[in-house]
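Residue numbering for the sequence shown is 24 to 530, as defined by the numbering used here.
Since the hints were made in silico from the structure, they are not lab data. We treat Cβ as the ideally placed atom computed from N, Cα and C, and that holds for glycine. It is possible that some hints are incorrect.
Computed spacing ranges between beta-carbons, pair by pair [stated by the list, open to error]: (1) Gly464 with Ala121: 32 to 40 Å; (2) Ala479 with Val263: 35 to 43 Å; (3) Val425 with Phe497: 24 to 32 Å.
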Amino acid sequence: MTAPTSSLRRDTARGVAWTALQTWTVRATTAGAFIVISRQLQPTEFGLVALAMSVIAVLTLLSDSGLATFVVRDAELDERTRSTAFFTGVALSVVLAALLALLAGPVSALFDEPGLTPVLRVLSLGVVLTGINSVPTALLRRDMRFKSLALRGTVATFAGSAVAITLALAGAGVWALVAQSLVRGVVSVVVIWASARWVPRAVPHWGTARSMLSFGGKLLSIDLLKQVQTRGEEFVLAGVSGATALGFWTVATRLMKIVQETGSSVISSVTLSTFAKLQHDLPRLHRAYRTSMTAAGLVMFPAMLFLTATAPDLVPFLLGQQWATTGTVAQITAVTAALSTFGFFDRQVFIAVGRLRPEVVLVACTVAAHVLIVVLTVPHGLTALALGLLVRTVLTLPVRQVLLHRVAGTPYSSVLLPCRVLLAAAVMAGCVWGQQVLSAGADQWLRLLLGAAVAAVTYPVALLLVARPALEEFRGDVARVLRRRRSPGATAASAAEGDARVGAPRG
Numbered sequence: 024m025t026a027p028t029s030s031l032r033r034d035t036a037r038g039v040a041w042t043a044l045q046t047w048t049v050r051a052t053t054a055g056a057f058i059v060i061s062r063q064l065q066p067t068e069f070g071l072v073a074l075a076m077s078v079i080a081v082l083t084l085l086s087d088s089g090l091a092t093f094v095v096r097d098a099e100l101d102e103r104t105r106s107t108a109f110f111t112g113v114a115l116s117v118v119l120a121a122l123l124a125l126l127a128g129p130v131s132a133l134f135d136e137p138g139l140t141p142v143l144r145v146l147s148l149g150v151v152l153t154g155i156n157s158v159p160t161a162l163l164r165r166d167m168r169f170k171s172l173a174l175r176g177t178v179a180t181f182a183g184s185a186v187a188i189t190l191a192l193a194g195a196g197v198w199a200l201v202a203q204s205l206v207r208g209v210v211s212v213v214v215i216w217a218s219a220r221w222v223p224r225a226v227p228h229w230g231t232a233r234s235m236l237s238f239g240g241k242l243l244s245i246d247l248l249k250q251v252q253t254r255g256e257e258f259v260l261a262g263v264s265g266a267t268a269l270g271f272w273t274v275a276t277r278l279m280k281i282v283q284e285t286g287s288s289v290i291s292s293v294t295l296s297t298f299a300k301l302q303h304d305l306p307r308l309h310r311a312y313r314t315s316m317t318a319a320g321l322v323m324f325p326a327m328l329f330l331t332a333t334a335p336d337l338v339p340f341l342l343g344q345q346w347a348t349t350g351t352v353a354q355i356t357a358v359t360a361a362l363s364t365f366g367f368f369d370r371q372v373f374i375a376v377g378r379l380r381p382e383v384v385l386v387a388c389t390v391a392a393h394v395l396i397v398v399l400t401v402p403h404g405l406t407a408l409a410l411g412l413l414v415r416t417v418l419t420l421p422v423r424q425v426l427l428h429r430v431a432g433t434p435y436s437s438v439l440l441p442c443r444v445l446l447a448a449a450v451m452a453g454c455v456w457g458q459q460v461l462s463a464g465a466d467q468w469l470r471l472l473l474g475a476a477v478a479a480v481t482y483p484v485a486l487l488l489v490a491r492p493a494l495e496e497f498r499g500d501v502a503r504v505l506r507r508r509r510s511p512g513a514t515a516a517s518a519a520e521g522d523a524r525v526g527a528p529r530g
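Put together the whole structure using the sequences plus the hints.
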């Protein structure tokens, strides 16, 4: 039985609000720390940590094995299931961390980077910390307690960034980044367990663990394929061109990733819980999918396209002249990230309707194409790599929409409103680019300030002209978040209004 329309939409909107507050605070802190640290460190040091974190990301994924998603999605979650998921995840994380510590030397030799060995051994502790946090985090997300999750992310990021900046200014080099990751993990464990107020009480049950791992196996295969896609390019870069080239690529794409996580991840962290509650009501699920994509586009499209228009000035201005050569790469990857918004929520829909096999096949084909492009373009430089990945994204998105329509019945019209938002952002970016050309002789800081002013004026106007329904939806969701105290009569009226809105067609 699905939740009442107005209640679920209000809970989702509040979840998005809390997640947005936490994410924007975290990303602002992360961006500030990144700017300070990047001025102190060299590309090779960034490359070493990026390579180490790629290995850690794969092991973290293996330690979870879809257990957290099972906890969020399971309709009748009991204590034995919760406890079994926790002990299984922790056991996997401890084993994988120990293996990494033992094999750090051979892994470093594989990439011909001796400095990678101690970094891997220390960061292996992060795998265990993530395993300890996985289930209580999933329980909070299942209960839509996003305020607690927001507190966790904010406190952990502040602590990690403070330590990293202090060490970087003291000349600690690569260890500033290592300490940032570990401190963030330790603080996160403390805060999340204090918020969850749950301790495992049941003895782990092998049959339950086997059932969860069977469900998670499909998710794991998808996630591993995506890690091959994401981490494959980093491994190939490090193997072919060394840690320095990987450092340049990491910094060139870092601003884009910060913005991407600020935008799409705010919505996606809430959508799995929401979509799961709508798994038996496909019309509402389809509308929730479209609304999520539109909301993410309102943030992602203008931010990414503004970065595209200004990256040659913005990157060296923020990070220092040693990174100036990465401006063009940042422009291209920002366009790729903007277009990727159209496929950001597909996986949550497949999970909600319980159809993961088509997603596995599609991701496998996408990853194969991605890795092939990386192998072919890396020898020709970072710009060629960025262009190749942009072409892959453009060709993949229509295929994803067709598959989503056939598997989950999602209407093709779901992308129309997000496309209108993208058009508004493109108009804004064109105006900013024109301003950059006209002010070519001005100081860098002045050009960026003028660009921000042009964007602030032109984007709202463009939205009003070509994507007004997106603004109306956004305004309605903000109003729901702000109405924290209602009389019973007002609540009933709001519910009726929400039912009417869900049943009505939208532009």
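Results for each hint:
1. Gly464 with Ala121: 32 to 40 Å: 59 Å, violated
2. Ala479 with Val263: 35 to 43 Å: 42 Å, holds
3. Val425 with Phe497: 24 to 32 Å: Given about 28 Å between the Cβ atoms, the range holds.
Checked against the numbered hints given earlier, this structure breaks only hint 1.
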